[in-house]
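Colleague: One-letter residues, chain by chain:
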Amino acid sequence: MIFELLYIDPGSGSYLVQVIVAAALGVVFFFRNIKNYIKAFFTRSPKKTNDNPED
Amino acid sequence: MSNSFSYHPSSFRDPSGFIFKKDNILYRQVNKVFKEHFDFFISSGFYEKLVKQQLLIPHTRINENLTCSDDWHATLKPEKIDFISFPWEWSFDMLKDAALLTLHLAKEAVASGMALKDATPYNIQWHKGRLIFIDTLSFEKYNPDEPWIAYRQFCENFLAPLLLMHYSKNSLQQLLLAYPEGIPLSIAKSLLPGRSKFSLHTYLHIHLHAKVAGRKNATDSVKTKFSKQKFLNLISSLEIVIGKLRLSEQSIAWSGYYEEASQRNDYLDQKKKIISQWLDKLPDIKTATDLGANDGEFSRLLAAKNIQTLAADADPYCINKLYKDIKISGEKNIQPLIVDLSNPSPAIGLNNKERTSFITRLQADLALALALIHHLTIGKNIPFEMIVDFFQSISTTFIIEFVPKEDEKVQQMLAGKKDIYTNYSEDNFEKAFGKYYKVLNKESITGSSRILYLMKRHER
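Line by line, the protein sequences give chains A and B.
Quick note: the first sequence, position 8, residue 8 per this note's numbering, numbers continuous.
Quick note: the second sequence, position 49, residue 49 per this note's numbering, numbers continuous.
Hints should not be assumed to be uniformly reliable.
[Stated by the list, open to error] Across the chosen pairs, the derived CB separations fall in these ranges:
#, chain 1, residue 1, chain 2, residue 2, range
1, A, Lys39, B, Phe390, 55 to 63 Å
2, B, Cys68, A, Phe30, 50 to 58 Å
3, B, Glu249, A, Lys39, 47 to 55 Å
4, B, Leu55, A, Phe30, 26 to 34 Å
5, B, Phe5, A, Lys39, 34 to 42 Å
6, B, Asn351, A, Phe30, 49 to 57 Å
7, A, Phe30, B, Gly349, 41 to 49 Å
8, B, Ser11, A, Lys39, 34 to 42 Å
9, A, Phe30, B, Pro9, 56 to 64 Å
10, A, Phe41, B, Pro9, 29 to 37 Å
11, B, Ile81, A, Phe41, 16 to 24 Å
12, A, Phe30, B, Lys49, 54 to 62 Å
Hints were generated in silico from the structure; no laboratory data involved.
Quick reminder that beta carbons are idealized off the backbone N, C-alpha and C, glycines included.
Build out the structure end to end from the sequences listed, making use of the hints.
Modeller: What follows is the structure, given as structure tokens:
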């Protein structure tokens, strides 16, 4: 049913490349998320100290 | 009402339905084969959501089989788009925003259990001061076994031209005219500089994509599940790469023109005042085109008077600036377009009818040609007679500025070339335009030797 409606040619190898690209991106985003988490952790802590007015 | 209707010349690729014209009204037919997907699109509330967010063109459903066809499932009457434009007339940032809109829709679709099945710039148009998606039949039910069917189409139609413009530091709209169905990945890859491979996302979507797709034994018999997360990662990656692309603001021939011009004895203010007075006496003007609009100073004047204005200029940098300004200001009445008047967009595609020419599409109650004629005659060697032949097909009413030979700008143009323009005079200009137009008003711009004309075409 779905294939009847494939009026655009997804391109030879385009599905295959998406599987490869998605696998690579899975790794990239996994590490990026860890990086963002660590970054957020360190940028958050100075704010907390700011919350306590010294005067 | 007759039974006759005509298919839209560019609506033949997708079997889900088609656009047709009947009694001069544009409709979209949904075919039986697409019933399941279309009904889900409506019943899931996704259509409503997109229309509410002004991302999709709204339609009214007509309960009548207007084409009397056996394939009929539904008839839709979409809201009318005033002027259809094509990607080779769009500036860099407009194409970039169209790409981001496409990706946004692809993401929203997945969240609503649907998938965007095609990704071409032709599905996006300028409507009421913003970009909007116009193909209601582009959404089908999401199939978790399949990757994004429009992935290659997106890379070839949006990503490749944007990357080429970004890396070459040039506005390359003409490439889209040469490759109206997208720049083939193998070509994009070979045109991009080697250093583009060091950008991870560019490497994946263009270089690797072209390499894998180019393999002789590349097959698509991959039976791996393509999870929603993978799908979203793919879209995010495309968003990241496109978000970073910029059109280098390099040497701009015309930008800054007004800043420079305004220093000349209130020249601009005078010009605006005269045109504004004339416009007030022309209440019937609803649409206009500003030929040689530069960064849209005068298009804004028209737009402020609630006139729908096409701002056309050959300089892609000026038009890009105008586009970005409009995006910020939210002005609704200006549509910026890149058009070279000595070579306006041709009719291309199947039977030369699929994408019509600029002139065929252009119809305006009023046309503005300010400080333009000397560029066509002296810059491009086009005689007055040929200019007026062209102009009379555009509009019945014209506001034209004539810049005489002794003007500083004309002298600058003549400095580097032989003066073969013996016919370039006010008299000959009036004589040539007199063939089609009657001068209603003529006024000199104080502080310059330039003249403004308000002309009306003779009755036919």
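Colleague: Checking against the hints above, which ones are violated?
Modeller: Going through the list in order, the structure violates hints 3, 5, 8, 9, 10, 11 and 12 and respects the others.
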